[in-house]
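Protein chains: 2
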Amino acid sequence: MNILITGGCGFLGARLARTLLKQGALSLGGEPSRQIDRITLTDRVPPPADLAGNARVAFVQGDLLELAVNRKLPAAGTDVVFHLAAAVSGECEADFDLGMRSNFDTTRALLEATRALGSQPLFIFASSLAVFGNPPGFELPELIQDETLPTPQSSYGTQKFIGEQLVADYARKGFIRGRSVRLMTVSVRPGKPNGAASGFLSGMIREPLAGLKGACPVPRKTPVALASPATTVDGIIRVAEATEQEWGPLTAMNLPALRTSVGEMADALERVAGKAATALLDWTPDPAIQKLVKTWPGNVASARANALGLQPDRDFESVVREYIRENAGAVKLPVR
Amino acid sequence: MNILITGGCGFLGARLARTLLKQGALSLGGEPSRQIDRITLTDRVPPPADLAGNARVAFVQGDLLELAVNRKLPAAGTDVVFHLAAAVSGECEADFDLGMRSNFDTTRALLEATRALGSQPLFIFASSLAVFGNPPGFELPELIQDETLPTPQSSYGTQKFIGEQLVADYARKGFIRGRSVRLMTVSVRPGKPNGAASGFLSGMIREPLAGLKGACPVPRKTPVALASPATTVDGIIRVAEATEQEWGPLTAMNLPALRTSVGEMADALERVAGKAATALLDWTPDPAIQKLVKTWPGNVASARANALGLQPDRDFESVVREYIRENAGAVKLPVR
Numbered sequence: 001m002n003i004l005i006t007g008g009c010g011f012l013g014a015r016l017a018r019t020l021l022k023q024g025a026l027s028l029g030g031e032p033s034r035q036i037d038r039i040t041l042t043d044r045v046p047p048p049a050d051l052a053g054n055a056r057v058a059f060v061q062g063d064l065l066e067l068a069v070n071r072k073l074p075a076a077g078t079d080v081v082f083h084l085a086a087a088v089s090g091e092c093e094a095d096f097d098l099g100m101r102s103n104f105d106t107t108r109a110l111l112e113a114t115r116a117l118g119s120q121p122l123f124i125f126a127s128s129l130a131v132f133g134n135p136p137g138f139e140l141p142e143l144i145q146d147e148t149l150p151t152p153q154s155s156y157g158t159q160k161f162i163g164e165q166l167v168a169d170y171a172r173k174g175f176i177r178g179r180s181v182r183l184m185t186v187s188v189r190p191g192k193p194n195g196a197a198s199g200f201l202s203g204m205i206r207e208p209l210a211g212l213k214g215a216c217p218v219p220r221k222t223p224v225a226l227a228s229p230a231t232t233v234d235g236i237i238r239v240a241e242a243t244e245q246e247w248g249p250l251t252a253m254n255l256p257a258l259r260t261s262v263g264e265m266a267d268a269l270e271r272v273a274g275k276a277a278t279a280l281l282d283w284t285p286d287p288a289i290q291k292l293v294k295t296w297p298g299n300v301a302s303a304r305a306n307a308l309g310l311q312p313d314r315d316f317e318s319v320v321r322e323y324i325r326e327n328a329g330a331v332k333l334p335v336r
Numbered sequence: 337m338n339i340l341i342t343g344g345c346g347f348l349g350a351r352l353a354r355t356l357l358k359q360g361a362l363s364l365g366g367e368p369s370r371q372i373d374r375i376t377l378t379d380r381v382p383p384p385a386d387l388a389g390n391a392r393v394a395f396v397q398g399d400l401l402e403l404a405v406n407r408k409l410p411a412a413g414t415d416v417v418f419h420l421a422a423a424v425s426g427e428c429e430a431d432f433d434l435g436m437r438s439n440f441d442t443t444r445a446l447l448e449a450t451r452a453l454g455s456q457p458l459f460i461f462a463s464s465l466a467v468f469g470n471p472p473g474f475e476l477p478e479l480i481q482d483e484t485l486p487t488p489q490s491s492y493g494t495q496k497f498i499g500e501q502l503v504a505d506y507a508r509k510g511f512i513r514g515r516s517v518r519l520m521t522v523s524v525r526p527g528k529p530n531g532a533a534s535g536f537l538s539g540m541i542r543e544p545l546a547g548l549k550g551a552c553p554v555p556r557k558t559p560v561a562l563a564s565p566a567t568t569v570d571g572i573i574r575v576a577e578a579t580e581q582e583w584g585p586l587t588a589m590n591l592p593a594l595r596t597s598v599g600e601m602a603d604a605l606e607r608v609a610g611k612a613a614t615a616l617l618d619w620t621p622d623p624a625i626q627k628l629v630k631t632w633p634g635n636v637a638s639a640r641a642n643a644l645g646l647q648p649d650r651d652f653e654s655v656v657r658e659y660i661r662e663n664a665g666a667v668k669l670p671v672r
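Going down the list, the sequences are from chains A and B. Taking the working numbering, the leading residue of the first sequence gets 1, the next gets one more, and so forth. Taking the working numbering, the leading residue of the second sequence gets 337, the next gets one more, and so forth.
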C-alpha cells in the first residue's frame, strides 16, 4: 500500500507517518489489512531525521499547489491521501489571498490530481473545529453536533468548510472516495510556536514546562475543545479504516473533544508542575487572538466519532503528563 | 444608482431589470431611496428588445469569468451586483468541469472584481434550494429551516453552497457587503425549456397550455417547493432593500416556498384548463431527473424571509392564472 501525507513534515503529519510505520499495515475503508510499502511525505520543509532515514519513506519537497497542478502528486498507485497541509488560522486571517491559495486552490488542485489518477484513492481531508463560529446575529446551538450548520468566523474556517464540500462532491461523483474529519485544537503540540491563533493552547503548557514565559492571551473562562496529538492521530487513522457503512454520510465528522477551559488547563499545569510553572503564564490579553478564539465553540459533541469507538482524552492533566513523557528533553521544571 | 445584473438577459434577470426600471428607485440596504440611473446587463446572449431599447440599460456581452478576471465588470461606480448567472443543475451534473467553471470560478472571480473596486458594493448572490439534498445515510429534518445544514446531492447545489460561503467571508472581511438568498424552484417560467433538472416543473404547465405535450418525469406525490416569477423577483429586491439589522447574519436566507406536489400542480392545471390540458401530460419516468429532484426537499420554511414581510404564493392555481395573464400569446387552450 502507498500512502501520501501532505504537510507530512509538520508535527501532525510526521506523527501520523510514524504511527502508520509502527503499525505496519492499514485496513483501508474496511478492506483486508495490507502492508504499508511506502509513505510519501510532501511539504515545503524536509522531514525529521528519523523519517528521512526510513527506507519506506519518500519525500517530495515543494509547493503543493504546483505539485498538484503539474500532476507530480499524488503518484500513480497511491491508495490513500491524507491531506493535512494548510496555512494556519492566524496567517489566513492576516492574509486572505494567501489562505485562499494555500487552503482553497491547493485542496481543489489536489482533488483534481487525485481524480486524474482514475483509481478512486481514499482522500482523507483534515478539516477543523474552526468551521464553527458564532457570528453576530446568529445563535449557535448550546452543543455543536456533526450536523450543526457551520458558520465560520475566520477565512481559515471558511476555506476548510469549502474543502469539505469539494471532498463530498468529488466522492459523490465517484472521482475519489472521500472523508472529511474535523480536528479539534491539538494540545499539547511540541516544538516551536506556529501562526495558528490557537497556538497558545499548546504554548501555555509547553513554554512554562521549558522554564519559559507562556502567553495566555484570553480569559480563564474561555471554553476550548481539545485533543492530544495521540488521540488526534488515532482518530485520523480510524477514519481511514472505517467501512463505508461505519463512516456513513459524506458530510464531515467531528473528532472527539475534551471540553475544558483555559483556566482549567492552567490548573492542570499547576497540579503537574506547581506554581513555578503557572507563575510563568502571561495573561496579557491579545484582542486579535481573542477575536478568533472566542468564536470557536467549546462544547462539541462527536456522535459519529463515538460510534466509531473514538473517545476524547480523559482529562487535561493526563494530556500534560503524556506530553512530558513524550518530550522529556524539552521539560526543565521539576514535575510531581 | 448603478446596478449590475449577471445572467441579465435570462428570464429571471430580465424580469428583475424590468421590475427595477418600473419602480425607478431602490433603497439599498435600507439607505435612503435613490433613483436608478443605469442597469448593466451582462450575459452570453443579447437582451430582449424592450430592454435593449431602454436608455437606462447597458449591455455587456461575453463570458462572465473572462469579464470578471479582466476587471471589465463590475464597472467602477457599481452600487449593487445581482449575481444570477449560473450553469443550471442538469448541465452541472452532466459536465462537472463546466459547472465548476461557470458557478464556482466565475462567482469567485466576480467577488474578486467586486472587491477590487474598493467601494464595498452590495453583492446579492442567487443561491438555490438545491443546496439541500437527502444523501444516503443522512436524515434531513422534516422541515428545512434557514439554519439547516445543507447536504447538497448535486454539483450545482454544492457550487451554490460554496458560493454562499465565499460571499459570507468576503462580506465578513469587509471586501463587499454580501447577501445570499436561496431561490425556490421558479414556476411557471415562460419561454423555452432550459437544462435545469427542475425545468419540467414549468414545462408541465407551459407546454399543455400551448397545446403541446408536457413531460412529468417524476411521480405525482413528489413534493416541490415553488415560487412564481413575480414572488421570486420581489424577494430578491426585498433582500437588497433590507437594512443590516433586518437582514441579520451572513448565512443564506431561504426565500418563501409554496409547498405542493407534482400531482397537485397537475390538478391545478386541470381546474384552469380542463382535461384537454392534463391529457397532454406525459408521465414517463426519467431516472436522471428523478434522481436529482427527489433529493430536493419540498418542505421548506423561511422564517427570515417571513420576518422581512415576504410570503409564498397563495396557491398553485393562482400561479397558473398569473402565468396565463402575463403570457396570453403563448396560451392556445381555452381557459376557464
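Some hints here could point you the wrong way.
Stated by the list, open to error - For each label pair, taking beta carbons as the anchor points, the in silico distance ranges come out as:
1. K509/B / E66/A: 56 to 64 Å
2. D95/A / R574/B: 52 to 60 Å
3. E402/B / G62/A: 49 to 57 Å
4. Q397/B / Q245/A: 30 to 38 Å
5. G118/A / E658/B: 45 to 53 Å
Claimed, not checked - Computed, partial: chain A to chain B, Cβ under 8 Å:
6. I162
7. E246
8. L250
9. K275
10. T278
Unchecked claim - Under the rule of at most 30 Å between Cα atoms (straight-line distance), these lysine-lysine pairs were calculated in the DSBU-like manner:
11. K627/B / K173/A
12. K221/A / K509/B
13. K557/B / K509/B
14. K275/A / K291/A
15. K275/A / K192/A
16. K173/A / K408/B
17. K627/B / K294/A
18. K173/A / K557/B
19. K213/A / K291/A
20. K291/A / K557/B
21. K627/B / K528/B
22. K173/A / K192/A
23. K213/A / K332/A
24. K528/B / K509/B
25. K611/B / K509/B
Bear in mind the hints are in silico, worked out from the structure with no lab data behind them. Think of the CB as a built atom: it goes at the ideal place given N, C-alpha and C, for glycine as much as any other residue.
Hint check results:
1. K509/B / E66/A: 56 to 64 Å: Given a distance of about 26 Å, which is not inside 56 to 64 Å, the answer is violated.
2. D95/A / R574/B: 52 to 60 Å: 36 Å, violated
3. E402/B / G62/A: 49 to 57 Å: Violated, since E402/B and G62/A (Cβ atoms, about 30 Å apart) do not stay within the stated range.
4. Q397/B / Q245/A: 30 to 38 Å: 51 Å, violated
5. G118/A / E658/B: 45 to 53 Å: 50 Å, holds
6. I162: With Cβ-Cβ at 5 Å, under 8 Å, it holds.
7. E246: Result: violated, 10 Å to nearest chain B Cβ.
8. L250: Where the cut-off is 8 Å and the nearest Cβ of chain B is about 6 Å from L250/A, the hint holds.
9. K275: With a minimum Cβ separation of about 41 Å from chain B (threshold 8 Å), the hint on K275/A is violated.
10. T278: 36 Å, violated
11. K627/B / K173/A: 13 Å, holds
12. K221/A / K509/B: 27 Å, holds
13. K557/B / K509/B: 44 Å, violated
14. K275/A / K291/A: OK: K275/A and K291/A at ~29 Å, within 30 Å.
15. K275/A / K192/A: The given pair, whose Cα atoms are some 23 Å apart, holds under the 30 Å limit.
16. K173/A / K408/B: 34 Å, violated
17. K627/B / K294/A: 42 Å, violated
18. K173/A / K557/B: OK: K173/A and K557/B at ~27 Å, within 30 Å.
19. K213/A / K291/A: 22 Å, holds
20. K291/A / K557/B: Violated, because 49 Å separates the two Cα atoms, which is more than 30 Å.
21. K627/B / K528/B: Given that 30 Å is the threshold and the Cα spacing comes to 23 Å, the pair holds.
22. K173/A / K192/A: 41 Å, violated
23. K213/A / K332/A: Holds, because 13 Å separates the two Cα atoms, which is no more than 30 Å.
24. K528/B / K509/B: Status violated; Cα separation ~41 Å.
25. K611/B / K509/B: Judged against 30 Å, a Cα distance of about 56 Å means the pair is violated.
The structure shown violates the earlier hints numbered 1, 2, 3, 4, 7, 9, 10, 13, 16, 17, 20, 22, 24 and 25.
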